[in-house]
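Produce the complete structure using the sequences and hints provided.
For the protein sequence lines, the chains are A and B, in the order given. Be aware that the first sequence starts at 7, since it is given in my numbering, and climbs by one per residue. Be aware that the second sequence starts at 53, since it is given in my numbering, and climbs by one per residue.
FYI, nobody ran anything at the bench for these hints, they're computed from the structure. Honestly, I wouldn't trust all of these hints.
[Unchecked claim] Mimicking DMTMM-like on lysine to aspartate or glutamate, the simulated pairs with C-alpha atoms at most 20 Å apart in a straight line are:
id	chain 1	residue 1	chain 2	residue 2
1	B	Lys-631	B	Glu-77
2	B	Lys-343	B	Asp-387
3	A	Lys-153	A	Asp-211
4	B	Lys-287	A	Glu-152
5	A	Lys-153	A	Asp-135
6	B	Lys-551	B	Asp-412
7	A	Lys-41	A	Asp-125
8	A	Lys-153	B	Asp-99
9	B	Lys-320	A	Glu-152
10	B	Lys-512	B	Asp-120
11	B	Lys-287	A	Asp-211
12	B	Lys-287	B	Asp-99
13	B	Lys-342	B	Asp-61
14	B	Lys-123	B	Asp-412
15	A	Lys-140	B	Asp-412
If you want the building blocks of each chain, they are given just below.
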Amino acid sequence: MIPRRIRTVMIAALAWFGANSLMRAQNAGRPPDLKRGAVIAAQGTAAGAPACAGCHAFNGGSDASGAFPRISRQSAVYLASQLHDFATGVRASAVMSQVAKHMSPDDIADVAAYYAAVDAPLLPLKAGDSALIKRGELLATVGSAEKQIPGCNNCHGPGGAGEPPSIPYLAGQYGSYIASTLHLWQQGYRKSNPQGMGLIARSLDDQDIAAVSAYYQHVPSSLVGDIAEY
Amino acid sequence: MATRLKPVDAVTIGVGLTGSLAALEIAQAGLTVVGLERGAARYTVPDFQSPPIHDELRFAVRKGLMQDNVKEAVTFRNYSDQTALPIRRWASFLPGTGLGGSFVHWNGQSFRFQEADFGYRSHILQRYGQKFLDACGPELTIQDWGVTYAELEPHYDRFEYLLGVCGTAGNIQGKIQPGGNPFEAPRAREYPNPPMKETYFGAIFRKGAGSLGYHPYPQPSSNLSRPYTNPLGLKLQQCVFCGFCERFACEHFAKASPQTTILPVLLKNPNYELRTNCQVLRINLDSTRKKATGVTYVDDAGREFEQPAELVLVTAFPLNNVRMLLLSGIGKPYDPRTGEGVVGRNYCYQTTGGATVFMDENININPFMSSGAPGTMIDDFSGDNFDHSKLGFIGGQYVGSIMTGARPIEFHPTPPGTPAWGQEWKRAVARHYNHTILIQQHGTSTASRLNYLDLDPTYKDAWGQPLLRMTFDFPENDIRMSQHVADKVVDIGRAMGGKIVVRGGTKRPYNTTIYQSTHNAGGAIMGSNPRTSVVNRYLQCWDVPNVFSLGASAFPQNATYNYTVTIGALTYWALEAIKNRYLKAPGPLVQA
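Here is the structure:
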């Protein structure tokens, strides 16, 4: 492991400069309003976006169906960038595009900041297939020589804890969500990073996807809250 | 007693850049090849993955990927009247060890040399005359390479496409190209990939240098700007600017190395066998001493083996190529008193240094987001790109803003006058960390009869063999050159908006405790005369024609640029001669 302090300093520095420049571009110096974000999460926007809590729960833990991702403690910069991508079609989703199109830049900034700050307990889920998890761990930590792909954790952080501001955590994320979104990357419905995440997703087969999804659902996300604060 | 193994056609001593490249060529030609690597086997998956590979303390500070100098050091002195002492901690230069060699921890800075570099002596004499050269320093022993740029061009091209080098061509078949380096030697076609995205520090350098009338261009890089499949079918990925490149291995398949561009194909070739943790002690010669019979090595259990081979390729780090020839008694060792002998002669290095530019606090450089070759640079002062006739020196340096990661342990820029520790130092680091730009100077190292390599009379390695002894200081010519460029760099720093610009440039004496460059060159040089060179123009030993010494040890002097791509081109050039001529009729390819 890399000395934790060093990592923290670097992540702090990255988050600070990265987040700063993004905020400036979108909000002209207006700090995000968490209370307003909470209202949007609970009630939606006047322009017609439904309440986020309807699917993602008020605490961002979503539900055990795994149809919707956990967004609690996810990086605000990442959440905001995804909402912008939904609105513009860079990330295609029949449901989320309609939601995001009815949110102003301030709505997005506020609700992203709200969910980045709120805790949700991990729901008790059925234990996964241990052989599958083992295989997923290998892909997550060291990658595959045969497919010439690096381990997921190189970008998504040790244990999949995320590398905020721009790279989301995977630890504790619902396996069925990870699997479905990897398929969307493969099929080009997510276009924000075709030469990075797109290429890697296309190198994975269905077995690989099942394995990494099972692995990250199973990894305790104890690291997540710790670094998402930046 | 050494165990005698089954003979093979060829053996390589070292499996790094030249060792893997040469072995692939020969194995594909149908010959059996054994690669002997002194270090461990290691691969992108699982060995180079992060977070462990991003351990700055282990790899950058403690030099985790380098030659183990407890077992095998180099002794050093500035002058031949001093007693050399072993370098017990690498600092000035960093010879790699392990599968892939130094081609794993390199930065990916991927230049070609210039046309004039290859006929250097002839070029200097023609342009400035003998009197001028003598005035630069009577001790200078520059030579022509015996090979021309035009002969190497197809091999440069082939090697660049193997690596997937990213850049903007400056000169395609003599036609100057917009956006590239107008001083570049003509290339047959564009780089295989577009240049890396320009960094903020690069953009500031471009503006400053451009305002003074210089010619900024993007540094050619073997950290990839986009996914690429090389001619061997191996896939490279896009660099993510992680900031851990030089001194580290790449986890992302984004830096060209033997692991990413050569080995997966080589290791599948049935004619090839890799043996790691095998320390070659010597090349064995027959009773005529004009023919090698193979090599003797020791494995990690201490067992000694003799590996007979028809062809021996010396493919170690340049310093170790020279040492292997000396330990094996191949070629006459150089004697600095008489100037006779060749092995160890014309050991050269690289002139480096540069300016530190302290910027205003509202300029956020974010230097931690970087690759190994992220620079924006100029060639206006490289090699012989400017008129030296009134300057009293030969050679030059490229100048560029190249910041490769600004990692937390080692990057703490503070202006002159700042205390070296304590609260004030901390405050200064916090103030300047994100607002400081480094400008590199990187250039020629001129050969001198005073600088050479030989075997140390006192110190031995873990196997009881003499260490290599380095006798080196920068010739006065190189100091004058570097200081001339340093003045120009201060002007550039000011034009970039620097509040404080700290002047750089090379100084004497050469000091091995400060990192400068891992471009050790010469010592087993190529040429057209056996009295002044160890190998002929095909890198074949004059004295023992079935031994070829590949790599930068063959450079008669060092040119302006980072040398990896030239090593690759020269290896392909030598291998073409070996495959097409030597294997058909083994014997000298050039008559002495």
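Quick rundown of the hints versus the structure:
1. B:Lys-631 to B:Glu-77: Holds. Lys-631 (chain B) to Glu-77 (chain B) sits at ~8 Å (cutoff 20 Å).
2. B:Lys-343 to B:Asp-387: Roughly 24 Å between the alpha carbons, so the hint for Lys-343 (chain B) and Asp-387 (chain B) is violated.
3. A:Lys-153 to A:Asp-211: 10 Å, holds
4. B:Lys-287 to A:Glu-152: 11 Å, holds
5. A:Lys-153 to A:Asp-135: 23 Å, violated
6. B:Lys-551 to B:Asp-412: 7 Å, holds
7. A:Lys-41 to A:Asp-125: This hinted pair holds, its Cα atoms lying about 15 Å apart.
8. A:Lys-153 to B:Asp-99: 15 Å, holds
9. B:Lys-320 to A:Glu-152: Holds, at about 12 Å.
10. B:Lys-512 to B:Asp-120: 14 Å, holds
11. B:Lys-287 to A:Asp-211: 17 Å, holds
12. B:Lys-287 to B:Asp-99: Given that 20 Å is the threshold and the Cα spacing comes to 18 Å, the pair holds.
13. B:Lys-342 to B:Asp-61: With Cα atoms ~18 Å apart, Lys-342 (chain B) and Asp-61 (chain B) stay inside 20 Å; holds.
14. B:Lys-123 to B:Asp-412: 48 Å, violated
15. A:Lys-140 to B:Asp-412: 51 Å, violated
Violated hints, listed in ascending order, are 2, 5, 14, 15; each of the other numbered hints is respected by the structure.
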